[in-house]
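Number of protein chains: 2
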Amino acid sequence: MNAALARLEKQFHRIAQIDHATTFLSWDQMVIMPNGGVGPRSSAMATLETLRHELLTSDAMGEWLHEVADAQRQGSLNEVNCVHISEMQRAWQQARALPATLIHAQVIAGSACEHGWRSQKATNDWSGFLSNFREVVHLAREEAQCRQAQQTEDFATPYDALLNVHCTGDSHALIDGVFGELKLALPGLLQEVMDKQKSRVPVDLNGDYAEDAQHTLSKELMQLLGFDFEAGRLDVSLHPFSTGVRGDQRITTRYRRIDFADALQATAHETGHASYEAGLPEAWQHYPAGRARNMCIHESQSLFFEKQVFLSRAFGQSFLAKIHEHLPATRKFSADDIWNSQTKVQPSYIRTEADELTYPLHVMLRYEIESALINSDIEPEHIPDMWESLSQEYLGLSINGDHAKGCLQDIHWTDGAFGYFPSYTMGAVNAAQLTLAMKNQHPDWHQQFANGDIEFARNWLHENIWQHASLIDSQTLMVQATGQGSQASALLSHFKTRYLDELD
Amino acid sequence: MNAALARLEKQFHRIAQIDHATTFLSWDQMVIMPNGGVGPRSSAMATLETLRHELLTSDAMGEWLHEVADAQRQGSLNEVNCVHISEMQRAWQQARALPATLIHAQVIAGSACEHGWRSQKATNDWSGFLSNFREVVHLAREEAQCRQAQQTEDFATPYDALLNVHCTGDSHALIDGVFGELKLALPGLLQEVMDKQKSRVPVDLNGDYAEDAQHTLSKELMQLLGFDFEAGRLDVSLHPFSTGVRGDQRITTRYRRIDFADALQATAHETGHASYEAGLPEAWQHYPAGRARNMCIHESQSLFFEKQVFLSRAFGQSFLAKIHEHLPATRKFSADDIWNSQTKVQPSYIRTEADELTYPLHVMLRYEIESALINSDIEPEHIPDMWESLSQEYLGLSINGDHAKGCLQDIHWTDGAFGYFPSYTMGAVNAAQLTLAMKNQHPDWHQQFANGDIEFARNWLHENIWQHASLIDSQTLMVQATGQGSQASALLSHFKTRYLDELD
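If you read the sequences in order, they're chains A and B. In this text, residue positions in the first sequence follow the numbering used here: the first is 5, and each later residue adds one. In this text, residue positions in the second sequence follow the numbering used here: the first is 5, and each later residue adds one.
Keep in mind that the hints were calculated from the coordinates and are not lab data. Mixed in with the good hints there might be a few duds.
Heads up, the list lumps identical chains together, so a pair's fine if it works in one copy or across two of them.
Listed below are the simulated SDA-like cross-link pairs for lysine to any residue, each with C-alpha atoms no more than 20 Å apart in a straight line [claimed, not checked]:
#1 125 with 421
#2 443 with 239
#3 14 with 49
#4 14 with 54
#5 326 with 98
Only chain A is shown next, with the shape it has when bound in the complex (with noise of 0.2 Å):
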């Protein structure tokens, strides 16, 4: 093996230790630790993360780079090298992009803003937000143009190089396309789907939920997903996330007494992040190429878990009795009650409690709005009218200045992470895409589901998408899975065949 090669793995094959330092001490700052352990923690995160930065960062990486590409051009490396190359030399260099003053700069007012947040939301202070949060956009305007003046990547816009930290592949332009195409069918959509609704006869499945079941329950739909509990666990958590490495993949849930299904949706859709991550190659394992491609292809495969199996009427009818057997107070409920509550369509104010077909109103409102603000198209104080009237045009909803049903109710700004909304949808659209791609290769898809065994489409998965980690770029990943890159209108075609057939 190249010499230079060599030492560049050896080098992530330590940042990758770090890596998983951590990792389990993140997950056990949000899922175990007293509030002691606060101030120590966040010391020993510090200097972890200053470890990291200065192994990826090192002149020698550079060096060891420049040594690699000189042999790639030669032509004396192989084309999966090729690509593991040129993922660490991305690595790299978004680690260099910024200087420290800046990413020191950001930190501070990250913090800063997302404190007051936590304030300013509760009594509909933007005016104090806004103090704050100019600098924030200030400085993500900053990164955005140290990101594009690197000249190893072409950025057609100052947002585009924010995306990339994100949605690595998938552009603006891309995006426009696909968010266009639904911002021209979704709101004559959604209003078929309520005129529809109205004939349901809507049955409450509130009730008390012992969480010790709710526990049970979720374990048991994730041993049906496909989860290892040899090779991970279940913990309960504030917000649902996943974490982990190979071999040890931790997802959190948590449960809500009156209302079983909410923990149920969630442990799905994190069970689908943490089946992606299990499943990328083990020889690649240490290494940027083995990382998950990016935001846009990891959030459809927790849909695809969450909204196209778990969500379905054939996995909900076998799931049925599990529900039944574990939670008795829902043995009055029929797998259509539960199905007609957990489809339910409702424009609402707030994203995180949207339903599947008005969430992705929300998410091009704010892409709207954060890439107009990154590529100063706007300012921060243009913010609140441009919501007001995009809330009314998607939503049909006024925030009538109650700017915590509005611009304020989200942490993503407050900290500078612009560029991440867009990949909830262009999630759901990939997920839709390629469940219809895994549908036609698998006729018998409604019985396998119907049984509750996915196994089927867990390996579809893995040889489509999980097997080649960050070894293809997003696009071409698509493509080669579904025949296309990332439509609209697989998503539009869902929700027909769902919201409006009734079908799935």
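Position chain B relative to chain A; hints supplied.
Below, chain B alone, put in the same frame as chain A:
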């Protein structure tokens, strides 16, 4: 501040943050982690250990230590900084004492010996064990020589050099003196106590005690003993242990359904270890001078809480109501029933199951063998005969060639941890001596214990032990707290009061 000292502190701060990571990753491994995590976790721990070793043993550290030693000679550093520096020096030297090849050989030989031991113990395969163990002893002798060869500390024997790792400051000669006295007195005392206990009517405490009720009871005990649940946790693991950092102390216990007292003793014991760690001075928390003094002092704190507080008649009286409350099946037992059962004395083969009075005999037996072994007075093949002869002499028991009841019972020697065993009994000695001194200064101790109020005892330990960390050597610590260095007499006096007079 001296510039070299500032650099040393910065480096040790960084090392402490890596220690934070390994501390909680180890906890996770023993308490939480699924089996699939073993491989990746071992790899991450090995990398963190390497990073730590690189930081600690760097030549730069040596230069800074050299510079501060110069400043010290010029008298430009105050007394506490001199200790601070000498403890950093000791940490640096202990880490540099062994060549990497030796450390590597020890890991290989220790892991093979420990792995083999697990089955050899079950099949009584001494000769199979011996074939691995010879190498472990050979390497331990080499380690002792390397440590002895360092010019900075003067070790009378090779065994002293290993002792110094665990029992820093307590020499072979000191321990010989203490153990010699115990050896004279214990066999006779043991006979007297057994004769006395013949008149006791045995009460069988066995039952079926639910684990969750035992868990609640253990937490109640910890609260009474002063544990702060905002700065720590209680969990369950195969073997009880204590770990953590300031602000986040984690202890574990384990529940036996038939025996409620077992978990309580373990909980009290680990609460003692955790209290010491939590009481170490905040200002020194990242530096060697701020660490617990040595294992003889550490074990004295756990045994203080377990044997001197929890097992005392007065505290037992006060805790009875809690036992009755959480384990209703125990309401038929009086405080005397429980105390009699917990203080039953009977020589037995297995150290970990031994009562308080025979425990030192198990330790002395091992101490005599391991010191002779490391000082090359005996060879590994002589161990079974020496064990048999000492077992008969101290415990009146022949192991009749069943080595699982003899020299194959402990894990310690398998991976070369020689010099650790004496800390168990030195801890018991120190605990008894500290208790006597504390009681002398608090004549109302009995009333306070009977009220379940031990805050005065915690304050006394904080003042006399915890706040001094490693700023004072172990024997000076004992002299300042009790008027003399570690002495067998306090432990013997405690045994007489508890087991002959039955007063405590």
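Same-copy or cross-copy closeness of residue 443 to residue 239 [CA-CA at most 20 Å]:
neither (32 Å within a copy, 46 Å between copies)
If the cutoff is 20 Å on CA atoms, where do residue 326 and residue 98 land: within, between, both or neither? Let me know, please.
neither (46 Å within a copy, 59 Å between copies)
State whether the alpha carbon distance between residue 14 and residue 54 is at most 20 Å within one copy, between copies, both, or neither.
Both. Shortest intra-copy (18 Å) and inter-copy (13 Å) distances satisfy the 20 Å Cα cut-off.
Give the relationship of residue 14 and residue 49 under a CA distance limit of 20 Å: within one copy only, between copies only, both, or neither.
between (22 Å within a copy, 16 Å between copies)
Using 20 Å as the alpha-carbon threshold, which applies to residue 125 and residue 421: within, between, both, or neither?
within (18 Å within a copy, 57 Å between copies)
Violated hints, in rising order: 2 and 5; the structure is consistent with all others.
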